[in-house]
Structures are given as C-alpha cells and as structure tokens.
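Asks: With the sequence shown counted from 1, adding 46 to any position gets you the numbering used here.
Since the hints were made in silico from the structure, they are not lab data. Treat the hints with caution; some may be incorrect.
[Stated by the list, open to error] Straight-line Cα separation of at most 25 Å, BS3-like style, residue types lysine-lysine; simulated pairs:
| hint | residue 1 | residue 2 |
| --- | --- | --- |
| 1 | 282 | 355 |
| 2 | 148 | 347 |
| 3 | 338 | 282 |
| 4 | 328 | 268 |
| 5 | 108 | 349 |
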Amino acid sequence: MKKNKKQKVIIDTDPGIDDTTALIFTMFDDRLDVQLYTTVKGNINVDIATNNMLHLLEKFGKNTPVAKGMNKGMYRDTPDASWLHGKWGMGETYIPPKAKTKPIKKDAVEAMYEIITANPHEITLILFGPHTNVGNLLKKHPDCAPLIKQIIFEGFSPYGHKGIKPHISFNIRTDPEAFKFVLDSNIPLVVIPSELGRQDGKISESMVNEIGTYNDTGAFLKDIYQNYWEHGYEDKRIATNDTCAYLYLVEPKLFKTKKADIAVNLTNAPGKTTAVFSRKGKYTVAVGLKRKKFEKSFLGKIKALDDIKL
C-alpha cells in the first residue's frame, strides 16, 4: 500500500501553554513535515516566545528551524496574555531555561517566503497566535498568496452566532489589521473558533490528573496546566484551542464544518468578527467536534510518547 505523502507545514506560534501541547504533538506526528516554526508576540512577547519554542525543541530532542517574528502588531500594539500564561509563558510553576540553540538569521517573514516559493501549492500555514507575521508576509510579498495551499488558524468568534458565547477573540483583536490581510488574501482558510477548544475540546480536571500519570510528557503538561484553568466556567477545564487547529489538518473527520463569509471590525470594536453562514460562504468554519473521538485522539497522543524521557 502506498504511504500517504506527508503534509508540509509552517507553524506560527506564541507559546503559550496551549501552544505547548499542540507543538509537542506536531513534533511527533508522522503525517507532518514541519518545515519551520515561527514566533510572534501574543501570549507573551516574541523574545520569550522564541526562547520557549527553542527550549521545547531541545527538551524533546528535535532540531526544526525556528525564525523569530514580530513583537508588535502591524498598525497597533496591544497587551500580551502573560496574566493567563505566566510571565515566562508556561504557567507560574515552570520557568523555561535559556535555550542553547538560536533562531535562524532570517526573520519569520523572509523565512516563510523562502519556503513557500520553494514549495508552491504545498505549504499549509497553521497559526496558533495573532496573524502579525502572516499579515506582514502578505503585505511585503503579495506574490506568495496564490502559492499557499491553505491557512488553518485558531482564534475567532462568529459574534452573535447561536450557541456561542459572544467575545472578541484575543488572537484577532491583538492584530485585526493583519487578520484583514489574511481574510482578503483569497487563500483557502479554515477557522477554528476559540469556543470550540473551550467547550467541545475541553480537558477536565480529572483528565489533567490522569494525563499526569501517563509518562514524562503527561507529567510536564500537568505541571504547566496548573494555573491555566479557563475563566468564566463553574468547573476547572483546560482549553485546547491551538490543539484543535493542528488536529483539523491531520484528523479533519473529528470536526463538523460550515461555510461562512467573515468580516472583522477595525474601528470601534477592533477584532470583533461577524460571520454569515451559507453554502456559498468563502471560508470553512469548524462548528462542532466529536467529543469522544477527540478525547481518544488527545489522550492517545500523550500515551504514545512513553519513550520520551524528560
């Protein structure tokens, strides 16, 4: 039987606790050919995010290139989310040491452009953080837009959509102008709303405790989760927003999707998104997640890392 070809990806990230979980999964997924990790200001500033990305690769024995990205939005600067992720991005109890390795010399925009043009129509961009790097890429190198296979991103709320608590997503409000560049690019987009990772993709407190017993990776994740409980819920739960974005690429059958047209506010409520769902919609939006299959997949990925000693 012919093996399926690995999917070439660039992963843009701001690690970040949930990013950390998703990043570990991408490092060990045989279905992916990760060409590059790029970092951006979001959950923490870009210097800390870059150190965290390099540290995770070292910790898990990987050497994928890392390119440092932007530390400010395209047209505005906004606060980070260190109040949730901790000063060093991985909770209050875990302080990542200074990485021994360094990012590559090219910045994120130029590194992405080089890879995309060398692999036309093959690269999927997966965005775990604000869209700043990709917005700058599309502004500086608009010729690369038709060469990008697709963009899958977490961070969006179809404002006013039935069944979803209205909010202005952190990843979008942090740089709404960059998001507008992405929306207007005509690149195929798959949108993973924040609410999906908070509700259908939640990790309960009992699951966190169970994960901690599996192996070294599970114990590490349990440690960084301890101060990452999602706000606004009666129970203690961990959101898996970024993990859902990664999972859509490799296990799309976990998700229910609908087509929609999307707009973003840049003025009186920066980052507020609206979606009009219809069969003729331009973008693909995940609106549901098969809970039992998701849980089996998530826990199975951690169990599969028994040979990793940290």
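Asks: Indicate, hint by hint, whether the structure satisfies it.
Replies: Hint-by-hint comparison with the structure:
1. At most 25 Å may separate the alpha-carbon atoms for a hinted pair to count; residue 282 and residue 355 exceed this at roughly 28 Å.
2. For the given pair, residue 148 sits about 28 Å from residue 347 by alpha-carbon distance, which is inconsistent with the 25 Å threshold.
3. For a cut-off of 25 Å, the pair hint linking residue 338 to residue 282 stands: about 19 Å separates their Cα positions.
4. About 39 Å separates the Cα atoms of residue 328 and residue 268, which puts this hinted pair outside 25 Å; it is violated.
5. Pair hint residue 108 plus residue 349 holds up; C-alpha atoms about 19 Å apart against a cutoff of 25 Å.
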